[in-house]
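Can you build the whole structure from these sequences, using the hints too?
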Amino acid sequence: MKLLTISWLVPFLFMSQAWAHINIEQITGNTMGTTYTIQLRLQDSSATKQEIKALVEQELERVNQSLSVYRADSEISMFNLTVVGSPTSVSERLWDVLKISRSVSAQTDGALDVTLGPVIEFWGFGVKHRNLQHKDRGQLELARSKTGMDGFTLDSGMVTKVIRGLEINPSAVAKGYGVDRVAKVLDDAGVVNYLVEIGGELRTRGVGVRGRDWIVAVTRPQKFSLEVQQLLTLKDMSMATSGSYVNYIESDDKTLSHIIDPSTGMPVGNKVVSATVLHQQCAVADGFATAMMILSAERTMQLANELGLAVMLIEQTDSGISTHFSDSISPYLFK
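Those letters in the sequence shown? Residues -20 to -1, 1 to 315, by mature numbering (1 follows the signal peptide of the UniProt record, and there is no 0).
For the record, the hints were derived by calculation from the structure and aren't laboratory data.
Any given hint might turn out to be false.
[Claimed, not checked] Derived pair list, reagent style DSSO-like, types lysine-lysine, alpha-carbon separation capped at 27 Å: (1) K315 with K215; (2) K79 with K164; (3) K79 with K126; (4) K33 with K215.
The structure is reproduced here in structure tokens:
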């Protein structure tokens, strides 16, 4: 088995105008196993660039301490060790993520499931990077028996495990939530024009270059591709993109996506290779983007139009790439 992990900025930030004479600053760093980028107009705030970066780094550390399954002492890792029936008081950050995840799951026929920790580990996408050479169906079914969005309860800031062995992995919404928390830091600092991006998930406020709406691009669904598939214009809006081509493994001459279908416990095998969702909250967009990689293109478009969501899907068909747009995304398409 060959393990491949492809990390790339999808979508990448697209700026067609020259940067000369533009009062936009950039802050960058590392977080959540990837990078973050902030573009902002500092004249809006009394804080310095260094002060803002320090505040951002502090908040990202708090988010990681709550949500990272790669930290043995994180809040979510400690919760995963609790026994059935033992109520656990959780932070605002973990509570928010679990509430958002449950809401998106309920609206997507259960396609988003943050309790797939045991199944994610089985397929080798988790912390342990399991060897798949000796996998069998019995082990997969055992892992699946420890999952389910009804496997935990939420009540007045307390989370209680209902299913023995349940492990929550909030990765499907964690980056988007991190974006939202950084955006709040900027809001509190008085910054009114910015773009925040963590590993491809982003949130905008106000305007960017030359006072125009922020222009971003969704790239073609190919690893390391910088070829633009679609330009979008955003203002006071978040965007998240999920793709089956970004993180995968190769086993028995097959390419297996890191996105798991909760209904089967198997890596997704439909023709959808990229899902982009716009929403005011990046965590919500992140959750929906993951869910819509699991649903069929037809069901996703039906759902997006019912919910009024701005969605773009890319399918890989026998004849090439096919793009689908929901009704609500039309105002954001770059013209």
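For each hint, the structure was consulted:
Taking the CA atoms of K315 and K215, the gap is about 15 Å. The hint holds against a cut of 27 Å. The hinted pair formed by K79 and K164 meets the criterion: a straight-line CA distance of about 18 Å does not exceed 27 Å. Annotation: proposed proximity of K79 to K126 holds, straight-line Cα distance about 20 Å (limit 27 Å). For the suggested pair K33 and K215, the alpha carbons sit about 23 Å apart, so the restraint of at most 27 Å is met.
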